[in-house]
Amino acid sequence: MSTAVALSDPVLDELRAILGDDHVLTGLSARYNRTRVPSPFPVHRWKDYVPDVVVLPRTAEQVSAVVKLANRYRIPVVPRAGGTGLADGAVPLRRGIIVDVKLMNQIHEIDLVDRTVTVGPGINMLKLNEELRKHGVIYPDDPASYPCSLVGGRIGTSGWSLLGSRYGHTRDLVISMQWVLPNGEIVHIGDGGGRKIRKSSTGYQLKHLFMGAQGTLGIVTQATLELVPRPEVEFAAFFAYPDYQAAWESTGALARSGLATLAGVVLFDEWKLRYLRRDDEAYIPQPDDVQAVVATAMYGTRDEVTPAARRLMRIGHETGGRYLGDEISQGDWASRHDRYATPLHGRLRDGQVVPMSWHCEDAALNYSVLPQVREEWHAIADRFIERHGIFDDWGMFAYTNGAYKPGGDYLVEIDIGIWEQKLNDENWAAWVQCKREITEVTLKYGGSITACHGSTREGDAEYVPAEMGGGFEVMKAIKLALDPNNVMNPGKNELDRSYQPVGSGEG
Amino acid sequence: MTAPPYDPMRDGNLQREFTEQWSDAAYGCFSSGHKFCREVCPVMQVTRNENHTPTAFHANVVAMEQGNLTIADVADDYVNCTQCGACELRCPNTLFTGDFYRNRTQTVKLVKAMRALAVDSGIEQPNWKRWVEATVDRKSEPVIEVPVEQEHVADWAHGLDLPIGGETILFVDCEAAFFRTSVARSTAQILKAAGIEFGLMREQWCCGGPAAEMGYVNHARSFAEHNVADWQAAGATRIITLDPHDYITFTEDYPAYFGEAYDIEIVHITELLAELVREGRITLSQPVERVVTYHDPCRLNKRKGIHESPREILRAIPGLVFKDVDHVTQWSYCSGAGAGFAIERPEIAAEISRRRVARAAELEVDTLVSACVWSERPLSRAGAEEGIEVMDLMELVAQAAGLDGHGIGDTSIPAVAAVAGADRNRGATNGAGTR
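Line by line, the protein sequences are chains A and B.
Note that our numbering gives residue 505 to position 505 of the first sequence, counting from 1, and the numbers run on in steps of one.
Note that our numbering gives residue 144 to position 144 of the second sequence, counting from 1, and the numbers run on in steps of one.
I should point out that these hints are in silico values taken from the structure, not numbers from a laboratory.
Incorrect hints may appear among the rest.
[To be verified] Heads up, simulated DSS-like pairs for lysine-lysine below, C-alpha to C-alpha not over 25 Å straight-line: (1) B:Lys323 / A:Lys134; (2) A:Lys127 / B:Lys323; (3) B:Lys129 / B:Lys109.
[Stated by the list, open to error] Simulated DEER-style distance windows between Cβ atoms: (4) B:Ser23 / A:Gly389: 18 to 24 Å; (5) B:Val321 / A:Gly193: 38 to 44 Å; (6) A:Leu112 / B:Leu363: 17 to 23 Å; (7) B:Arg359 / A:His108: 18 to 24 Å; (8) B:Glu279 / A:Arg314: 43 to 49 Å; (9) B:Arg10 / A:Ala466: 55 to 61 Å; (10) B:Glu279 / A:Arg115: 50 to 56 Å; (11) B:Val321 / A:His44: 55 to 61 Å; (12) B:Asp326 / A:Asp21: 38 to 44 Å; (13) A:Val233 / B:Glu279: 42 to 48 Å.
[Unchecked claim] Computed from the model, here is a short list of chain B residues facing chain A with C-beta under 8 Å: (14) Gly28; (15) Ser32; (16) Gly33; (17) Lys35; (18) Asn51; (19) Asn60; (20) Asn93; (21) Phe100; (22) Gln189; (23) Ala193; (24) Ile196; (25) Glu197; (26) Phe198; (27) Tyr262.
By construction, the Cβ of each residue, glycine as well, lies at the ideal position given by its N, Cα and C atoms.
Produce the entire structure from the sequences given, and follow the hints as far as they go.
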């Protein structure tokens, strides 16, 4: 057994002085278990990613001191909240210090008058809402990982909420933050200067810059969040269609309805239904003529939702949808966090069942291009499955992506199973190539690589400069100015290019 | 039962066998990556340490299989578990596809197996080691504050005139036999009042469950062999347990030890009593003026799906105001008293108890009712700080049935001052409420 770390004793001694002995973890198990996230992981090269040390801070001052130390010694720092990301933001690429914020899970203040709650980044939304609902309010950030992801990671990735069309996504729900910059200074980040001010035109709009920065611009240590009334009513309706085209047209009609209580519209394609039909338990069986499904949900007061639901049902019917009934609609919506990615559904071409990890593509695309993208993505997946065997096409979802205005663009997901137990350098390279081809389709159709997970995966990150265009030069300048020693999550989003002399082979 | 000294060759083989056996199960979790288990885990809720999660428990196996980690690297992680089973229930693999693929997540089994691998590899936890050693001579668990000697194992029944042997045996858990004797006496009186014929064992030993939970499987099995032989000699066909921990041991460990040769009906008291109440064989007519909530014992609710019968009994007690919290919400509750956790981690266990009682306090009750005698000592300690009394369901029923129900000596309601688990140096005698 070896617990030796690459860091020298003086560094560890300093960390222990900052955090206390119990909150500096050097054991191999502590470090291995904070290396990966659920996104596809080259498990055969696990040891290449293992950090040198894990720290568990409890205060912003401790985070600040750790980051200042990292600057003095030029040690990489990678923040980690729930570690539930579907891209690699929390995966250390250059070892270094993992700043695990899970102990910073306090509720600092509930303000029922000005409608905010102020929390540490280590709190989970479900746990937060258990407290908030006693007061008749909720924090409505509702990702698929709602039962386990943490506020810090939601901010680090600029997450997406299943109820975003009604209540907004993470960036809309975070009002302001306490932030440790890459130089260790603790600053206020928001719209303007007021901690509870939602809209301001003072200075630059820094909240958007730091939201979704994937740990490359520092670490959030406190966040002031939006409160909304706990909805009186939840209404869910699932509709069935004989083909994708009909379901896509109906999706558009539902999303353009203008109903303010509409929380989201979700389109399931034929591949997704086939995937969900792989057992008799995960999805209530539907007759074969059901080839696509559209799910909708509404939230609000009874006076709003009751008439709006009637309108929604009419649109669903008029556009060819067959209502799937209360049991499926309410039941499936209620289990929306648990149900749709099941590793045990992995299948080889010959039908053999193998446990597979889940790649969840999360491109942002406009409504008009969904049918074409779908065809091209499935064709790419099919080629790689045929050639390499260890992949599996789990189908596609398209979710309304705009906050308060669902009619425009969509979070578009193709789910691909990967049999990680069989990974080696060759088929990992194949996976990355598959990912790149999927990304190229996204960019070809004017989309964005990622709606919510972040562009930190191999196969995504290389395309950040291409997608951002001239804006990438702005990113580089900001990164260089704020993090001159490149200590914050180095290697992500191609930001290492910030440190290259001008004209040194940038693409 | 002291563990063998370290032997790299043997330990390498043990580990290889282990990872081969657990590889697919571990990968079912590793590849899922949902981590929904975390925020229901009573330990993780307190420590917030990613190593103390079912995700880590499974990922470690994958890392061991790859040669990245050894049992020595990971053994400490598995100390941090009460084996409550919440994580298994909250796992999407279990919820949606576990039965279809016969691949339910079995974290508790994995934790037990890894703890056994640690012991077999010579890696022991000091307090567990002392605790298990203390049972060698005493044959019962080292229940603190009271003498534990084999000749006193049935002292709790003094004056009740209970026979030895018979078709039905009441198995009285160590904590109830030596410490909270009011639970044992209440149970026996209730059964008698309902006309159930039952006897005691000729010589009851510890069920062996805690030793198995700590990784000392051979030791646990020797207890099991004694108890089953005693039952057979008495001609027993049915065992009534009053403690959920015994119930788990008799319904899960014993069948694994003895296979089909083990043909004995195991009944938990709440299931039997609910039936007796339903059939009118016991009358609960004395009003009990208390405002109560019910603590779902983890091993009943999460591991065995028994949550309705205790509620049925509570609703049959006159005078009681019962403020219920549903059994699914209680997946994330625990007393902290399971699987030896509190013996090695008393401070964390005490915090788990404190949080459980705080949930009860929010309901503005005066009494927290449990059906697990092992939960009652730590919950009572926490309850004393909140002004909430902790009672066993059987104690409550005895009152409602107009029975005496008091324990022997003065332990009927345990003394609040017995803060035993806080002192780790007390070693073998440090078993209070820490099962």
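Tested hints:
1. The straight-line distance between the Cα atoms of Lys323 (chain B) and Lys134 (chain A) is roughly 16 Å, inside the 25 Å bound, and the hint therefore holds.
2. The straight-line distance between the Cα atoms of Lys127 (chain A) and Lys323 (chain B) is roughly 22 Å, inside the 25 Å bound, and the hint therefore holds.
3. A distance of roughly 20 Å separates the Cα atoms of Lys129 (chain B) and Lys109 (chain B); the hinted pair therefore holds under the 25 Å criterion.
4. With their beta carbons about 20 Å apart, Ser23 (chain B) and Gly389 (chain A) fall inside the hinted range of 18 to 24 Å.
5. Between Val321 (chain B) and Gly193 (chain A) the CB atoms are about 51 Å apart, so this pair departs from the stated range of 38 to 44 Å.
6. A beta carbon spacing of about 22 Å between Leu112 (chain A) and Leu363 (chain B) agrees with the range 17 to 23 Å that was offered as a hint.
7. Our hint of 18 to 24 Å for Arg359 (chain B) and His108 (chain A) holds, since their Cβ atoms are close to 22 Å apart.
8. Taking the beta carbon of each, Glu279 (chain B) and Arg314 (chain A) are about 54 Å apart, not inside 43 to 49 Å as hinted.
9. Here the CB-CB span from Arg10 (chain B) to Ala466 (chain A) is close to 56 Å, well matched to the stated 55 to 61 Å.
10. Roughly 55 Å separates the CB atoms of Glu279 (chain B) and Arg115 (chain A), a value that falls within the hinted 50 to 56 Å.
11. At roughly 60 Å, the beta carbons of Val321 (chain B) and His44 (chain A) sit within the given window of 55 to 61 Å.
12. At roughly 41 Å, the beta carbons of Asp326 (chain B) and Asp21 (chain A) sit within the given window of 38 to 44 Å.
13. Against the hinted window of 42 to 48 Å, the Cβ-Cβ separation of Val233 (chain A) and Glu279 (chain B) comes to about 43 Å, which satisfies the hint.
14. The restraint placing Gly28 (chain B) at the interface with chain A holds, with a minimum CB-CB distance near 5 Å, inside the 8 Å limit.
15. Interface restraint check: Ser32 (chain B) against chain A, minimum CB-CB distance 5 Å, threshold 8 Å, status holds.
16. With 8 Å as the threshold, the beta carbon of Gly33 (chain B) comes within range of chain A, its nearest partner Cβ sitting at about 3 Å, so the hint holds.
17. Taking 8 Å as the C-beta contact cut-off toward chain A, the hint placing Lys35 (chain B) at the interface holds, the least distance being around 4 Å.
18. Taking 8 Å as the C-beta cut-off, the interface hint given for Asn51 (chain B) holds, the closest approach to chain A being about 6 Å.
19. Given the 8 Å rule on beta carbons, the hint for Asn60 (chain B) holds: about 6 Å separates it from the nearest Cβ of chain A.
20. For Asn93 (chain B), the shortest C-beta to C-beta distance to chain A is roughly 6 Å, which falls under 8 Å, so the interface hint holds.
21. Taking 8 Å as the C-beta cut-off, the interface hint given for Phe100 (chain B) holds, the closest approach to chain A being about 4 Å.
22. Here the hint on Gln189 (chain B) is broken, as its CB sits about 40 Å from the closest CB of chain A, past 8 Å.
23. With its C-beta approaching chain A no nearer than about 42 Å, Ala193 (chain B) sits outside the 8 Å limit, and its interface hint is violated.
24. For Ile196 (chain B), the shortest C-beta to C-beta distance to chain A is roughly 40 Å, which exceeds 8 Å, and the interface hint is violated.
25. Annotation: interface hint on Glu197 (chain B) violated; nearest CB of chain A at approximately 44 Å, more than 8 Å.
26. A hinted interface residue such as Phe198 (chain B) counts as satisfied when its beta carbon comes closer than 8 Å to some beta carbon of chain A; here the least separation is about 41 Å, so the hint is violated.
27. Interface restraint check: Tyr262 (chain B) against chain A, minimum CB-CB distance 31 Å, threshold 8 Å, status violated.
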